[in-house]
Amino acid sequence: MKKTACILTILLSLLLVLGGMGLLFAGGGKAEEEEEMEETKAFATEEEMWKQFSGMELNFLTEDTPAAGAIVTLLPEFEEMTGIKINVTRTNISDLVTKLMLELGSGSTSMHIIYSARWQIPPGRSDILSDLRKFEDDPSLPKVNFDDFFYKQFITTSHFVDKERIIGVPHDASTMIWFYRTDIFKKYKADFKADYGYDWTPGENINWDQYKEIATWMNDNVDEVKYGAGHMSKQWNSLYCDFSNVFWSFGARGFENPETESWGVVFPGRCMWDSPEAIAAAEYYKDLVQNIAHPSSIAWDWADLAEAMAKGDEIAMCFNWHDFIITFQDPDRSKIVDKVQAAVMPTGPAGSRNYHSGAALAINGAAPMKYQKASWLFLVWQASIPVQKEIFKMGSTPVRMSTYEDPEVKKWMKEGTYPGALIAPTMFTAWDDDHLEYVEGRFPQFVESLIIQYTELSKMLQNEKTPEQAMKDIVEQVNDITGYTDLMKAAGKQ
Amino acid sequence: MATTSERTMRFAGKRALAGRTIGWILFAIFLLWTIFPIYWMLSSALKIEVNMFTIPPQWLFKPSLRNFKNLQEAFGLGTYVKNSIIAAGSSTVIAIVFGSLAGYGLSRGKIPGKSTIAFWMITTRMAPIVGVILPLYILFKAFHLVGKMPSLIIAYTTFNLPFAVWLMKAFFDDLPREMEEAAMVDGCSKLRAFFVVALPMVRPGIVAVATLCFMFAWNDYGFAVVFTSGATQTLPVATARLMTEFGIVWGQVMTLGTILLSPVLIIGLLIRKNLVRGLTFGAV
Numbered sequence: 021m022k023k024t025a026c027i028l029t030i031l032l033s034l035l036l037v038l039g040g041m042g043l044l045f046a047g048g049g050k051a052e053e054e055e056e057m058e059e060t061k062a063f064a065t066e067e068e069m070w071k072q073f074s075g076m077e078l079n080f081l082t083e084d085t086p087a088a089g090a091i092v093t094l095l096p097e098f099e100e101m102t103g104i105k106i107n108v109t110r111t112n113i114s115d116l117v118t119k120l121m122l123e124l125g126s127g128s129t130s131m132h133i134i135y136s137a138r139w140q141i142p143p144g145r146s147d148i149l150s151d152l153r154k155f156e157d158d159p160s161l162p163k164v165n166f167d168d169f170f171y172k173q174f175i176t177t178s179h180f181v182d183k184e185r186i187i188g189v190p191h192d193a194s195t196m197i198w199f200y201r202t203d204i205f206k207k208y209k210a211d212f213k214a215d216y217g218y219d220w221t222p223g224e225n226i227n228w229d230q231y232k233e234i235a236t237w238m239n240d241n242v243d244e245v246k247y248g249a250g251h252m253s254k255q256w257n258s259l260y261c262d263f264s265n266v267f268w269s270f271g272a273r274g275f276e277n278p279e280t281e282s283w284g285v286v287f288p289g290r291c292m293w294d295s296p297e298a299i300a301a302a303e304y305y306k307d308l309v310q311n312i313a314h315p316s317s318i319a320w321d322w323a324d325l326a327e328a329m330a331k332g333d334e335i336a337m338c339f340n341w342h343d344f345i346i347t348f349q350d351p352d353r354s355k356i357v358d359k360v361q362a363a364v365m366p367t368g369p370a371g372s373r374n375y376h377s378g379a380a381l382a383i384n385g386a387a388p389m390k391y392q393k394a395s396w397l398f399l400v401w402q403a404s405i406p407v408q409k410e411i412f413k414m415g416s417t418p419v420r421m422s423t424y425e426d427p428e429v430k431k432w433m434k435e436g437t438y439p440g441a442l443i444a445p446t447m448f449t450a451w452d453d454d455h456l457e458y459v460e461g462r463f464p465q466f467v468e469s470l471i472i473q474y475t476e477l478s479k480m481l482q483n484e485k486t487p488e489q490a491m492k493d494i495v496e497q498v499n500d501i502t503g504y505t506d507l508m509k510a511a512g513k514q
Numbered sequence: 210m211a212t213t214s215e216r217t218m219r220f221a222g223k224r225a226l227a228g229r230t231i232g233w234i235l236f237a238i239f240l241l242w243t244i245f246p247i248y249w250m251l252s253s254a255l256k257i258e259v260n261m262f263t264i265p266p267q268w269l270f271k272p273s274l275r276n277f278k279n280l281q282e283a284f285g286l287g288t289y290v291k292n293s294i295i296a297a298g299s300s301t302v303i304a305i306v307f308g309s310l311a312g313y314g315l316s317r318g319k320i321p322g323k324s325t326i327a328f329w330m331i332t333t334r335m336a337p338i339v340g341v342i343l344p345l346y347i348l349f350k351a352f353h354l355v356g357k358m359p360s361l362i363i364a365y366t367t368f369n370l371p372f373a374v375w376l377m378k379a380f381f382d383d384l385p386r387e388m389e390e391a392a393m394v395d396g397c398s399k400l401r402a403f404f405v406v407a408l409p410m411v412r413p414g415i416v417a418v419a420t421l422c423f424m425f426a427w428n429d430y431g432f433a434v435v436f437t438s439g440a441t442q443t444l445p446v447a448t449a450r451l452m453t454e455f456g457i458v459w460g461q462v463m464t465l466g467t468i469l470l471s472p473v474l475i476i477g478l479l480i481r482k483n484l485v486r487g488l489t490f491g492a493v
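Chains as they are written, first to last, in the working numbering: chain V, 21 to 514; chain L, 210 to 493.
These aren't lab readings, by the way, just hints derived from the structure by calculation. A portion of the hints provided could be inaccurate.
Cross-link-like lysine-lysine pairs, in silico, DSSO-like; alpha carbons within 30 Å at most [said to hold, decoys possible]:
hint : chain 1 : residue 1 : chain 2 : residue 2
1    : L       : K271      : V       : K409
2    : V       : K413      : L       : K278
3    : V       : K232      : V       : K355
4    : V       : K61       : V       : K163
5    : V       : K355      : V       : K172
6    : V       : K331      : V       : K172
7    : L       : K278      : V       : K355
8    : V       : K359      : L       : K278
9    : V       : K71       : V       : K206
10   : L       : K357      : V       : K105
11   : V       : K71       : V       : K331
12   : L       : K323      : V       : K359
13   : V       : K105      : L       : K291
14   : V       : K355      : V       : K409
15   : V       : K232      : V       : K246
16   : L       : K357      : V       : K71
17   : L       : K291      : V       : K331
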């Protein structure tokens with residue numbers, strides 16, 4: 021009896037395993053070759069063009085952002101215009117990446133339109149994203165006009181390695197800027213100038229040494245807040261972002277391959293975090309965080325930092341993502357409404373560099389061509405000026421440049437009607453070529469590299485390592501994981 | 210002058226009093242530790258976010274329903290509540306119906322290798338959720354179920370059903386067979402004896418199993434985040450949405466937490482007698 025039961029159990033288990041393997045290999049895993057586009061002609065009217073896929077349903081997976089919120093608000097208009105129903109799934113970035121990796125890795129086509137964060141998705145799965153050039157060139161489909169997005173954003177969110185292949189339409193453009201309390205800067209301006217002899221109004225006129233002076237003076241003289249400055253120095257991505265503003269401004273570089281942070285590369289070359297400029301940046305940052313900034317800085321990420329700023333009595337200034345203006349201007353969440361402004365980062369030897377991290381919307385290349393074309397309609401629509409204006413109203417900043425030429429938008433900017441309008445002038449400066457900096461490496465091992473970098477930086481801030489040692493250790497470990505060390509060994513150079 | 214026995218009795222009395230006092234103090238600490246977070250969550254749900262972090266904390270304040278209103282109007286709370294009820298409720302009903310039948314069969318039936326089968330069933334419950342998400346995803350993808358409610362119900366049932374079978378088998382094992390045998394002698398079939406005699410007698414057990422199955426499904430995040438999409442997302446997934454890259458919307462998080470906790474708390478309070486009896490059913 022026992023023997024029979026044992027044999028039965030083994031047989032049943034084998035059957036299940038074989039069945040599972042059958043489903044596994046039947047379900048696909050690799051993307052199919054891109055479907056050939058049929059030859060198409062232009063429609064007689066625009067209405068016909070937009071209605072050509074009426075009756076279809078598309079699934080859109082996105083991070084929960086102000087831009088996504090704006091799109092959802094206007095979705096009924098798209099559905100009425102096209103007859104296409106859009107099912108939106110909004111989630112946080114970690115869950116989004118999990119779902120996307122499952123989706124794209126299994127060759128599933130249940131998600132048609134996806135939020136493509138530039139450093140998480142393209143380096144891992146850019147081959148599965150549809151080449152959008154064929155839709156832009158198709159006479160039967162509307163055009164998005166890629167020239168109307170600011171160039172650096174377009175490079176990094178819409179390409180990976182291949183400079184011709186376009187894999188996304190720019191969607192959002194989070195950029196780090198310098199937020200400060202206008203009431204405090206106004207009240208104590210004369211006193212500070214009497215002590216230091218210069219105007220302390222934030223902007224690129226202020227260098228990093230002056231930034232320290234301002235923060236220190238505030239620690240000692242400003243009653244409204246406990247500390248002048250706070251930073252997002254938690255052992256996490258936030259530490260990397262915050263440090264990068266200093267790093268790049270000091271003239272340091274990430275990797276040997278100059279296209280690592282822009283177009284993206286398969287192999288970034290040698291990690292350059294041990295250069296004299298990089299070590300100088302690390303020494304500066306260590307002193308700033310340990311001796312001048314709010315002591316809780318080492319426990320704060322960007323959300324915590326924004327909350328501290330919004331509380332009103334903790335810090336007078338911080339570097340943070342520009343979208344946080346929404347939080348600072350929300351009376352339910354902030355005690356500093358109408359008391360905050362923004363400027364570009366302080367200036368270092370390489371100028372004022374503002375960390376930029378944007379995303380695009382992409383199309384799942386494994387979906388049938390009809391669904392891809394219908395998805396293109398959605399991508400064009402979300403980048404259109406009416407939707408971009410709605411994004412502006414929701415508090416974020418549009419990525420289509422011609423939006424800012426719209427008379428109504430100009431009026432909003434002049435009057436400061438919406439939170440985005442308050443900081444729009446700063447954003448234009450931050451986005452120009454002299455100020456914008458892409459610091460996230462776009463190569464396959466970037467996530468592992470990021471973890472190494474912020475872990476070692478955190479050890480430096482905890483006094484476990486000197487700045488020089490931390491930077492050298494970063495270089496050693498990153499070179500290992502990118503394969504640079506092995507390459508040098510093979511070439512007999514190590 | 211007090212005698213030795215009087216002194217002993219007084220000392221024993223004082224010791225008993227000291228023991229009771231310490232017991233009450235420890236109980237009060239435990240109660241505070243347990244109830245304070247719930248109080249804080251509820252009170253935060255009724256505050257405007259900017260007032261949630263004031264030092265000193267606001268113990269007395271004017272309550273506001275703004276968080277509830279925002280969740281209802283802008284967030285689509287109703288859809289998430291409906292999805293959670295459908296997913297948790299459906300998987301619980303399936304688990305109870307089939308769990309009772311299977312548990313009874315394993316308890317009373319003369320099945321070769323039934324203890325092996327029962328053990329094999331419960332081992333599936335031992336697997337961590339993370340370990341089964343990928344195989345289930347592949348299965349659901351093959352049947353075009355990803356993003357649809359049936360996938361979530363099936364996923365919950367894969368965990369709830371073995372658990373229900375195992376527990377119901379234990380409950381039926383503890384029932385005396387004589388009552389069912391007496392019913393069968395009187396002309397009942399085995400199935401009728403199950404429905405008329407055995408099932409009513411394990412009602413507390415059914416209540417306990419149903420509550421535990423519902424709680425697991427109601428609180429689940431792992432399955433829900435992978436297998437659902439916009440229209441089928443449940444409350445735990447909705448709560449995670451409030452932890453945005455641009456800050457945690459604390460007011461709404463606290464409100465959702467209150468909503469998540471409430472049904473389980475209310476059900477637990479209503480059926481606590483049955484729950485305790487059910488959970489200790491096999492212990493006597």
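Given hint K105 of chain V paired with K357 of chain L - CA-CA distance at most 30 Å: Distance ~16 Å between K357 of chain L and K105 of chain V Cα, so the pair holds.
Restraint status (C-alpha distance of K331 of chain V to K172 of chain V at most 30 Å): Roughly 35 Å separates the two Cα atoms, so the pair is violated.
Satisfaction of hint between K331 of chain V and K291 of chain L, Cα-Cα up to 30 Å: Given pair K291 of chain L, K331 of chain V is violated - Cα atoms ~36 Å apart, limit 30 Å.
Agreement of K355 of chain V and K409 of chain V with the hint, judged by alpha carbon distance not exceeding 30 Å: Judged against 30 Å, a Cα distance of about 27 Å means the pair holds.
Given pair status - K246 of chain V, K232 of chain V, alpha carbons within 30 Å: Holds, because 16 Å separates the two Cα atoms, which is no more than 30 Å.
Restraint check for K278 of chain L with K355 of chain V, where alpha carbons must lie at most 30 Å apart: holds, 22 Å
Holds or violated: K271 of chain L to K409 of chain V, with C-alpha atoms at most 30 Å apart: Status violated; Cα separation ~37 Å.
Given hint K355 of chain V paired with K232 of chain V - CA-CA distance at most 30 Å: Status holds; Cα separation ~25 Å.
Straight-line alpha-carbon gap K61 of chain V to K163 of chain V, limit 30 Å: With Cα atoms ~14 Å apart, K61 of chain V and K163 of chain V stay inside 30 Å; holds.
Holds or violated: K71 of chain V to K206 of chain V, with C-alpha atoms at most 30 Å apart: violated, 55 Å
Pair hint K355 of chain V and K172 of chain V, alpha-carbon separation not exceeding 30 Å: violated, 35 Å
Distance restraint between K359 of chain V and K278 of chain L, which requires alpha-carbon spacing of 30 Å or less: It holds: about 28 Å lies between the C-alpha atoms, which stays within 30 Å.
The structure fails hints 1, 5, 6, 9, 11, 12, 17 (numbered hints given earlier, in ascending order).
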